[in-house]
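Chemist: Okay, here's what each chain looks like letter by letter:
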Amino acid sequence: MVNLKVNGKQINVDVDPDTPLLWVLRETLALTGTKYGCGMALCGACTVHLNGEAIRSCVKRVADAAGKEITTIEGLALNLSHPLQKAWIEVDVPQCGYCQSGQIMSAAVLLSENPAPTDNDIDEAMTGNICRCGTYSRIRQAIHRAAEMKRSTT
Amino acid sequence: MSATEMKRRDFFKTGAALGGGLLLSLYVPEWVLADSVHEATPLTPSIPPFAPNAFVRIGTDNIVTVIVNKSEMGQGVYTSLPMLVAEELEADWSKVRYEPAPVDAAYNHPVFGIQMTGGSTSTASEWERFRQAGATARVMLIGAAAKNWKVDSASLRAENGYVINPASGARASFGSLAEVAATMTPPKDVPLKDPKDFKLIGKPTRRLDTPDKVNGAAQFGLDIAIPGMMTVLVARAPVFGGKVLNFNADKAKAVPGVKNVVQIPSGVAVIAKGFWPAKQGRDKLEISWDDGPNAALSTTGMREQYATLAKTPGLVARKVGDPTKALAGATKTITAEYEMPYLAHAAMEPLNCVVDLRSDRCEIWTGTQFQTGDRAAAAAAAGLKPEQVTIHTPLLGGGFGRRANPASDFVIEAVQVAKAAKAPVKVVWTREDDTRGGWYRPMWSDRFTGGIDEKGNPVVWAHTIVGQSIIAGTPFEGFLIKDGIDGTSVEGAADLLYGIPNLQVDLHTPKIGVPVLWWRSVGHSHNGFAVEAFFDELAHAGGKDPYELRRTLLADQPRMRAVLELAAQKGDWGKRLPAGRGRGIATHFSFSSYVAQVAEVSVDKQGAVRVHRMVCAVDCGRVVNPDTVKAQMEGGINFGLTAALKSEITLDRGRVQQRNFHDYQMLRINEAPEIEVYIVPSTEKPTGVGEPSVPPVAPAVANAIFAASGKRIRKLPILKVDLRG
Ligand code: FES
Ligand code: FES
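Top line first, the protein sequences correspond to chains C and D.
Per our numbering, the very first residue in the first sequence carries number 1; after that it's consecutive.
Per our numbering, the very first residue in the second sequence carries number 1; after that it's consecutive.
Hints were generated in silico from the structure; no laboratory data involved.
Please note that a few of the clues may not be correct.
[Said to hold, decoys possible] Examples of chain C residues toward chain D, derived with CB under 8 Å:
{"hint": "1", "residue": "19"}
{"hint": "2", "residue": "94"}
{"hint": "3", "residue": "134"}
{"hint": "4", "residue": "137"}
Ideal Cβ placement from N, Cα and C applies to all residues, glycine included.
Excised from the complex, chain C in its bound form (with noise of 0.2 Å):
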């Protein structure tokens, strides 16, 4: 038993500690916002936080995420209410849409820690997103807009 807290519940699950996160939050819990890409910490498409930070679900052991706060895309926010999901939706950034869970939860700890990043600083902290359909003009445009709607309300 591995006991988990996603998305502010605490669960308890019965598998291999060995198994990768990504494949219990898909699987056992039914998460399937975490999309599987590559698994090799290459694409960037299973991202989620782990204590506030963007970790690679598909490399990190379940074991060594128990007792840590993991935050899915499905708990990222109530009802679309992220400013990243709402510059997502106001920029049309997805195309096929399967890298997206990914990219908007590494912009998320972006964002958490710098309110104002650069083109320089977004292509820093999502140079690890592959999107094989080329969304990423959209992507940065989005980063900016959602850092400015931030910044607007606090």
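Starting from the known structure of chain C, fit chain D with the ligands onto it as the hints suggest.
Modeler: Using the frame of chain C, we list chain D with the ligands on its own:
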């Protein structure tokens, strides 16, 4: 029967009444229902009483559902096709929803006669039918109001989700009229709107699928779960065409969670309780393979073979004038050889397929672009009739052609697994499986000879193309291969738009055991590069500005000339740049659309290339959703850049040498250029959008590298070319 199963059956019944499609979002695993950290999707869809045709349903709740027969893989069809319906229906756009179509002849592609998504044809081919579907529904709703109000329907009109009687001021919502409308006879051939009256078509419109794609709710094939489902990974032959000789599964079966290991035609399948045990189990399999006839294949060997072939003329695809004679009379002659590698599609969502096979039916959930073909193939593999097979199409995490395989490889295999497993299965391809799984964009070698007259004008263009046919052996052979020439191998080359008086394009089609397939922009993906890069060489050889020469030779191609001029103007063609920077220009006509691009690139002393800016002009006829057109141009440019700069699939001893994103690299955000897109206003019919921005990217960049560094790029990917100062 457990509570979950019970519920599932009820959902399925409701689903059947709804015409299928949406079902999967209705199944939520028991755990989630019990202890919800997950906000479950609402489980009670209303049953719309008004379904005038296969494409539109209107509920008493005023919700207009458009049933979309095209797979959504990022190109925006779940928005652009509903826009066509809503325009003629006079719907309230905020009430419009989409739903994927089940497999049915009613949803066949109007031109190709099967249900499929591809060839950048979704909007073009449905332009009439979806508007007609909306118009028909509108007439029936107006008829219903006329009946209720006992007035002449000619005195009524529809607006923003209501039928209105201008004389009395009476208004009735579409929902309130739905039940009466359902009793009316559908009219035939309702006249469509004059385009000048369009309210929605042509306006930038937010995509309907975006909200679900930013909160984790969007369901892709890989997200599907059905009761009792096992997860399966297949160990496939390391060489294409290889076979299992024998295997030992003892260690695999000892992995907790592994339920069974079975041999199937494509390899050995590990059936387990989830991805991780399946993966652990597969890693522990001991298999001896018979590598078969392709065991010695290598990229180096193939290159030599291709280069030799390229030196002799192939089957002639097009001939104009007398190239041989004209070449003898040319002032200057240049020859160049171009090489392009195999490319994997590398959709972000690796391939996967869920199959629930029963004795009398088979239900499949997979992100496919090829429903009719996959259904027939699945039926044959299952020993059922096509009508006994249902295919649900969830969202596709990218397609790019890989999910439209006439050989239905990943679907047939999953059915074979389900047969052997005797349980519902989800076959998952790892990224490595997906990269190594074949069905690539073919490898190409091209050889050009160009002749220039005393004024520097091109007078001869001879182009020999060498590469495998993606069509040979498919059901499309009959109409795409003529006199031994696969039209997709020479598209974008044989139909060269430039006015050059003597031209020959010929083709060699070697047979190689690597499975090949269409890949975003198909033959144009390679011909676009070869043709436009060589054109640049020819311009320079004749001392001409590559933009001006294109303009001159496009004198009788006004639409292409207009995009070329627009791209050049917006892309600052001719303006000074600092040393080490250069601009390149390219045009390409594909999927009936005209595209021109200007790339701005720098090359440093170490030979590192950076693409700073891409300016793109496009004429794709009348535009339905300008923001989607823009997005597709942007995405296609980054997709094209990945291929131009980075990717290549190579073989050694029959084995694919790339595995994952470290050795089959993708463009990342820090490498993505600024992109500007300009759409030429047009009243012509809509043409392709998803693919046409890809072909001009590589040549524009290669030509810019020449301008920046004086070095010619004749081989992709560029990062493998030594460009050090
Ligand atoms: S799936 Fe984890 S980084 Fe790609
Ligand atoms: S939107 Fe398709 S991979 Fe990013």
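Chemist: Which earlier hints turn out false for this structure, listed by number in ascending order?
Modeler: Every hint satisfied by this model.
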